[in-house]
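Asker: Listed below are the residues making up each chain.
There are 2 protein chains.
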Amino acid sequence: MAKATGATRLPKKDYEARVPALRGALVQMQVALQHAPFPVLLVVAGDEASGKGDVVNLLNAWLDPRGVETFAFHEPTDEERERPPMWRYWRCLPPRGRMAIYAGGWSADALRADPRTPGEVADFAATLRRLAHFEGLLADGGALIVKVWLQLAKVAQRERLLALESDPDTAWRVTAADWKNHRDYDRLARLSEQMRRATHKPAAPWRMIDATDPRTRNLAVADHILARFHAHLAAQKKIAPASKPARLVPLRPAGLRRLHALPLDQTLGETDYESKRDKWLGRLNQAVRSAAERGRSIVWVFEGWDAAGKGGAIRRLTSALDARDFRVIPIAKPTDEEKVHHYLWRFWRHVPRAGRVTIYDRSWYGRVLVERLEGFCRESEWKRAYAELNDFEAQLGAHGIIVLKFWLHLSKDEQLRRFRHREDTDYKQHKINAEDWRNRRKWAAYETAVGDMLALTDRPAAPWHLVPADNKRFARLEILKTSCKQIAAALES
Amino acid sequence: MAKATGATRLPKKDYEARVPALRGALVQMQVALQHAPFPVLLVVAGDEASGKGDVVNLLNAWLDPRGVETFAFHEPTDEERERPPMWRYWRCLPPRGRMAIYAGGWSADALRADPRTPGEVADFAATLRRLAHFEGLLADGGALIVKVWLQLAKVAQRERLLALESDPDTAWRVTAADWKNHRDYDRLARLSEQMRRATHKPAAPWRMIDATDPRTRNLAVADHILARFHAHLAAQKKIAPASKPARLVPLRPAGLRRLHALPLDQTLGETDYESKRDKWLGRLNQAVRSAAERGRSIVWVFEGWDAAGKGGAIRRLTSALDARDFRVIPIAKPTDEEKVHHYLWRFWRHVPRAGRVTIYDRSWYGRVLVERLEGFCRESEWKRAYAELNDFEAQLGAHGIIVLKFWLHLSKDEQLRRFRHREDTDYKQHKINAEDWRNRRKWAAYETAVGDMLALTDRPAAPWHLVPADNKRFARLEILKTSCKQIAAALES
Chain A
2 MAKATGATRL
12 PKKDYEARVP
22 ALRGALVQMQ
32 VALQHAPFPV
42 LLVVAGDEAS
52 GKGDVVNLLN
62 AWLDPRGVET
72 FAFHEPTDEE
82 RERPPMWRYW
92 RCLPPRGRMA
102 IYAGGWSADA
112 LRADPRTPGE
122 VADFAATLRR
132 LAHFEGLLAD
142 GGALIVKVWL
152 QLAKVAQRER
162 LLALESDPDT
172 AWRVTAADWK
182 NHRDYDRLAR
192 LSEQMRRATH
202 KPAAPWRMID
212 ATDPRTRNLA
222 VADHILARFH
232 AHLAAQKKIA
242 PASKPARLVP
252 LRPAGLRRLH
262 ALPLDQTLGE
272 TDYESKRDKW
282 LGRLNQAVRS
292 AAERGRSIVW
302 VFEGWDAAGK
312 GGAIRRLTSA
322 LDARDFRVIP
332 IAKPTDEEKV
342 HHYLWRFWRH
352 VPRAGRVTIY
362 DRSWYGRVLV
372 ERLEGFCRES
382 EWKRAYAELN
392 DFEAQLGAHG
402 IIVLKFWLHL
412 SKDEQLRRFR
422 HREDTDYKQH
432 KINAEDWRNR
442 RKWAAYETAV
452 GDMLALTDRP
462 AAPWHLVPAD
472 NKRFARLEIL
482 KTSCKQIAAA
492 LES
Chain B
2 MAKATGATRL
12 PKKDYEARVP
22 ALRGALVQMQ
32 VALQHAPFPV
42 LLVVAGDEAS
52 GKGDVVNLLN
62 AWLDPRGVET
72 FAFHEPTDEE
82 RERPPMWRYW
92 RCLPPRGRMA
102 IYAGGWSADA
112 LRADPRTPGE
122 VADFAATLRR
132 LAHFEGLLAD
142 GGALIVKVWL
152 QLAKVAQRER
162 LLALESDPDT
172 AWRVTAADWK
182 NHRDYDRLAR
192 LSEQMRRATH
202 KPAAPWRMID
212 ATDPRTRNLA
222 VADHILARFH
232 AHLAAQKKIA
242 PASKPARLVP
252 LRPAGLRRLH
262 ALPLDQTLGE
272 TDYESKRDKW
282 LGRLNQAVRS
292 AAERGRSIVW
302 VFEGWDAAGK
312 GGAIRRLTSA
322 LDARDFRVIP
332 IAKPTDEEKV
342 HHYLWRFWRH
352 VPRAGRVTIY
362 DRSWYGRVLV
372 ERLEGFCRES
382 EWKRAYAELN
392 DFEAQLGAHG
402 IIVLKFWLHL
412 SKDEQLRRFR
422 HREDTDYKQH
432 KINAEDWRNR
442 RKWAAYETAV
452 GDMLALTDRP
462 AAPWHLVPAD
472 NKRFARLEIL
482 KTSCKQIAAA
492 LES
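Quick mapping for you: the protein sequence lines, in order, are chains A and B. Following the working numbering, the numbering of the first sequence begins with 2 at its first residue and continues without gaps. Following the working numbering, the numbering of the second sequence begins with 2 at its first residue and continues without gaps.
This is chain A alone, in the form it adopts within the complex (with noise of 0.2 Å):
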């Protein structure tokens, strides 16, 4: 991160000279970028009257505004606070073509806590971590992260609020907090330098610009977008798409060893199972409303083999609960709207609000299995995937959400009696169609997806629970009885 050079004042001649060239280039960047791959994310940010809300206004006036989104993050809206802090961050995410200015962004949103005491101090840095986090997720999935940084020195800054307040116009853009700011200058330059130096990472690098000079500072910014944008166009348009594996190695061969010692010859009678099933009911319906009444929430996580009957059993469950507080989310191929966002975009636009539950039937172990299998992403992206998978439940879960994930297990041959079953019955008949035969001839390389999934992505926090759903009932009865047990530990704990 190299230091913004000195200032030197650019003359208002050769500033006017440049800018129709720089307009020029910008809209044709924008042209470029409709068809390219990825969204650009900027962030301007900087210190007290450098101009951001200046330079965001002018690169909107520059930039065709039809093409273009500017957030700025003040208070989080009640719906907002209920989430994991990133869902807000989450919900202003460009799509592919497209480009979103962030005034300030969540670098500015971090440094208003203004870290005092030991504890707000490890605060700050563990929302440090987050944010850099988030952006290298970002970027991993292919976004174009620019950040400019508009430095301005302590006695510039005193004359730019001197000269605001003197022009009528501008001078009730001066507030007393941005005395108070100027005289804390060198507390808070040291602030967002340890905020700089935590989040400036090679795909998501701070640039600093001197903003003594506005149109300086503004030639500068442009420039930077421009390089910025044209490498990393130049950058996507080397790698090579994704294609589909030869065959499946597995990573950690003791999560599928984990999967093969599954018995599966459980037996539960139907008398044994009713009685039991009405107990555990009770006691799931208790659980949820203890939880909401403490504004935890609940992410129910279903994946398991076809026909291994993730349906039924999420009927069960919802029986317990009230239909007012949960919502089931059907996890197929993706809507074009969430086609355009990061693959993660579509499950954090559903994470329940404080007290309520989500029951995801399918959910991001997708990327893991279906897409890793079936080529949809290349092998850099699913193998990174299993620590983003993570890192997304250990937000959920440091927010106080309770995560339960199931894996129902089944038996080749009972798929295929049920498989069989269900082209026999008429009114299952919609159940079951060509792809499900397909993905069952590839058994052998999902079992593999699996086992890696289970042995990588089992974390105390959220791990998994393997039902064996030979029988029905008793997988049933197995979700009911695990998810009370857990959900009474979180709230224990």
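Because the hints were derived from the structure by calculation, they are not lab data. All the pointers check out, no bait thrown in.
One side of the interface only, derived from the structure: several residues of chain B facing chain A at Cβ under 10 Å:
{"id": "1", "residue": "GLN35"}
{"id": "2", "residue": "ASN58"}
{"id": "3", "residue": "ILE315"}
{"id": "4", "residue": "THR319"}
{"id": "5", "residue": "ASP326"}
{"id": "6", "residue": "VAL329"}
{"id": "7", "residue": "PRO331"}
{"id": "8", "residue": "ASP337"}
Glycine is no exception: its CB is placed at the ideal position from the N, C-alpha and C atoms.
With chain A fixed as given, assemble chain B onto it according to the hints.
Answerer: Okay, now just chain B, sitting in the frame of chain A:
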């Protein structure tokens, strides 16, 4: 609206004999719904202690929860309060092929107002009209709306409350408010009857269901849903698809005359423009800030011929605004999430928060322009749309949102000149394609549609401003001036 029939207790055995077939029929209904061209909205409302929650939960247990979502409207969130009252309902509408259950729904929300003073009574009546209109709009869009009112006599209500209180598992469900409402039974019954009468329309009728016996009640609700669904499915199949009209006949020639009377030979010199522009940009900036300070939002609508300069006009306009406060929404082909909703849904979703600005580059008027012309919707649909669009804007206006609508008018010769210029200018070639030329050949038909739009959607609260746009400078200045004046007028009123 027939009175619910007298209660007869249904023996458990008879009930259980009927349930399996009913559940099967409900799930089959969901399978059929998946491919049906409409959504299902089920409102479950009723007297206190009539078992609304039980019915909603039971339906969720009987249905496949993956195809249904349940909503209850509690206190609006701050994001909801900052928008027109119907916004929170629009965001909870199911897409085609899916079902939503509203526990209490907007009816319960309205009853919560519990009007007493003459002012409150008038507001309540206005709310009911708005709800009836909302349901009519959705039904016209093809939605199936099923509304059941669970009816419980005063004496039965008392019995039910006592029964709930005597069971330790359910005692918590009875609150002091429930007993208060019980004492107030007659008044509340009159109020809810008024609500039902005001919102009982052919397309969204209320069905009274006696809730004295829970089993009879459950079966009656399920039977009613099934009957309504199958009747609706059959009726929808008979509706002929939209087709392209042979030729366009004007509905209201006055609009076309107004368009033709617009003088297009305006001129405005460069220097004259620049001095005036800066003055009006300054005023616009102040006007928008004044509006924001009062929590008033602004919606700009830009319509006009291809190459009329909408983009340029928007850029001049936004150069006067703070980029953090506005969004430009370019309206092109709907996304697939938009396609499966009512045609107004995609516009509702971008309605600005308090003090913010949304600029629509093309808009809901596509319904009566391109969709009418190309036969993307039926004649009955675009004819109905004029009133629907007026009502949408009236709702924005009633919430204090300032609506500014501009039609940028161009001569056919000037359009030709601009098309050729675009083709000849390297960096403008992306702005012209075969479709633009195709649209140009339909000039006369478009003109007729524009005329009808002007005649039928020009209202005092949201007038159309016709802008002669052959001279770009003149057009831009005109838009700035008109916007300033309209905002000032709105803030004074």
